[in-house]
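**Q** Given chain A, work out where chain B should sit, using these hints.
So the protein sequences, as listed, match chains A and B. FYI, the numbering for the first sequence is 1 to 369, going by my numbering. FYI, the numbering for the second sequence is 370 to 738, going by my numbering.
What the hints contain is simulated information worked out from the structure, not anything from laboratory work. All residues carry an ideal CB built from backbone N, CA and C; glycine is no exception. Certain hints may be false.
[Stated by the list, open to error] What follows is a list of derived Cβ distance ranges for each label pair: (1) L608/B to K66/A: 34 to 42 Å; (2) E735/B to D250/A: 29 to 37 Å; (3) L608/B to T115/A: 15 to 23 Å; (4) K289/A to E735/B: 45 to 53 Å.
[As the list claims (entries may be wrong)] One side only, chain A facing chain B, incomplete, derived with CB under 8 Å: (5) K84; (6) T196; (7) E256; (8) L276.
2 protein chains.
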Amino acid sequence: MNTKENIKKIIVKKPLKLDCGKTISDYPLAYETYGKLNEKKDNAILVFHALTGDQFVTGKNPITNKPGWWNYLVGPNKAINTNKFFVICANVIGGCMGSFGPSSINPENNETYGTNFPVITINDMVNAQYNLLEFFEIEKLYSVLGGSMGGMQVLQFVANFPNKTKTAIPIACTASHSAQNIAFNELGRQAIMADTKWKDGNYLKLNLSPDKGLAVARMAAHITYLSKKGLQEKFGRKLQEKDDLNFSFDADFQIESYLRYQGSIFVDRFDANSYLYITRAMDYFDLTKEYKGNLSKAFEKTKTKFFIISFTSDWLYPTSENKEILIALNSSGADVGFIEILSDKGHDSFLLDITEFLKTVKNFLEANY
Amino acid sequence: MNTKENIKKIIVKKPLKLDCGKTISDYPLAYETYGKLNEKKDNAILVFHALTGDQFVTGKNPITNKPGWWNYLVGPNKAINTNKFFVICANVIGGCMGSFGPSSINPENNETYGTNFPVITINDMVNAQYNLLEFFEIEKLYSVLGGSMGGMQVLQFVANFPNKTKTAIPIACTASHSAQNIAFNELGRQAIMADTKWKDGNYLKLNLSPDKGLAVARMAAHITYLSKKGLQEKFGRKLQEKDDLNFSFDADFQIESYLRYQGSIFVDRFDANSYLYITRAMDYFDLTKEYKGNLSKAFEKTKTKFFIISFTSDWLYPTSENKEILIALNSSGADVGFIEILSDKGHDSFLLDITEFLKTVKNFLEANY
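Pulled out of the complex, with its shape left as it was, chain A reads as follows (with noise of 0.2 Å):
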């Protein structure tokens, strides 16, 4: 792994109360760019990434160097044409590439803050990286959007500041964290606690790191993010390298080994203690109740033009609950558009090559601008 000492950022003095009930200040935020902020700082949109996401969103990721997670929407003449408009994309607060994290030094004793850090919401991330408008002089943007928890911030962002973009793109995402979702996250979490090396949160300062429970509550997440059919019809029964079974608990099928490949290379990449902050982040998040159980109010004030995306297969965040928000939004008076694409890969269909998506995210930023 590369260092991350190079990674962009700016360090926000202004500071921010937390839901909690604490106040930061003078934190690092991280981000990256893509494509040019025109004159009249009208073409900037800001992408926001998902529980397991950071700011490098396109090209090659200089930490992993593979592939930023959203390479085929965002790119010069790709879906989100970045030779047209100014991409930005920041690391939640809370993450681990860069922004201010459980894994930050605490200034008051030089140690990482691990469970020390403060339980943080998508409001918080949201208005954490409101600042990065400021440091770009930008008055307006001209989208924000992005996918799963990237799209509970879409909607966070416009219930917060109405008049700050123009459009807005929430993609196979929720209003209100289902009982289903806070328990798959609940068992990551618990997952990494049950780990012996997890150390109540204070593993990187004795050196040590819980792998295998980071690794067991990722393969949970990654079963979450497929279909039931696509699982099949991609991994079924076939087995790993061999005519028969095994009669072990090697990896006997593919899927298996599959899992034990996504669980094994995302702790290379990843934070146990910041896995746990976003999916608590995601499971408080909740615009209805915000509102008081009216969502329609969220967006009372807005002008903004949505758009919402789903995919027929997503079992996460289904097709229902973005229809909800489409709801919310019909009856707010909102000019917002819908469309449930066609898909059989899951909710992980917002990251892939998938070309009616791509087109329509495409068309509808071309049309709007």
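**A** Positioned in the frame of chain A, the structure of chain B alone reads:
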């Protein structure tokens, strides 16, 4: 927990060649019975339990002091009327309630087998239980039934012994374990193996117990037993005994404490290695492949009358997979009925007090006796 010394068991002397190639003999098979075998010996019903079940189908489980797992279904004047029928249930081999399993003592070295226990299959489980027919001198059972892994045993039993039961009721099961189900089982196994107290399966002889890993495995499985809608209706975003969020990693939501509780009580009654072996057996189950891709061949010799039951919100063993069994039975010319029961309770429905389900079983059993 009470002692397991008084558990009823037979010692099976006859050698059993397992699918893995090894042969076992002189092994214990623990069982329980309810009701009385009549003189004609034509009223016996063999019930097969699911992954974490045991032989204590109804009444009070003498080991856990909790009600039997099928209390709603089995008992005097219940759906399986023990005033009329003689119900037999055995703990599967590989299990931990008295039958031959990884926590059994290996006479060669006086230590528990641990992962030296042979990997077993659903076929092996069923072949072992067949010895109970000889033990009770039953020529032909009246019925075999079971849900989930119990249903797989029903299918395998009829395939292996086409003339040994008059009727059969496979419930909420499959003829071929899906990639998604293998994935969730593998997740559970990895959680157990990630626990440093698992010690490559040798924890019992070291007086250790991988409770944390086993609890995580149970939590993962438990989520899959419930439906998204059922979870939302039962728990939603309800908070645990407080008015507002805690901003910590304690259990804020009721669903979190529910899952933690399910994990914690499970480790008191179940052996981690048994969890590995039994999930492995489920993953290996592919009756379709055993009959070279033609499932109807599995049933072509049988006169057994079938009734298949599935539940609308069961996403682990969905109606579509139960219907594949129906299609195979139909195409083999078997006598078969089918019902999909409306329920929001997910896979767990087969264990619950659902009137239509209980009535269906009762009516089928009464009508054909």
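**Q** Now look at each hint and say whether the structure bears it out.
**A** Verification of the hints:
no. : hint                         : in the structure
1   : L608/B to K66/A: 34 to 42 Å  : holds (39 Å)
2   : E735/B to D250/A: 29 to 37 Å : violated (48 Å)
3   : L608/B to T115/A: 15 to 23 Å : holds (21 Å)
4   : K289/A to E735/B: 45 to 53 Å : holds (50 Å)
5   : K84                          : violated (40 Å)
6   : T196                         : holds (5 Å)
7   : E256                         : holds (5 Å)
8   : L276                         : holds (6 Å)
When held up to the earlier numbered hints, the structure conflicts with 2 and 5 and fits the remainder.
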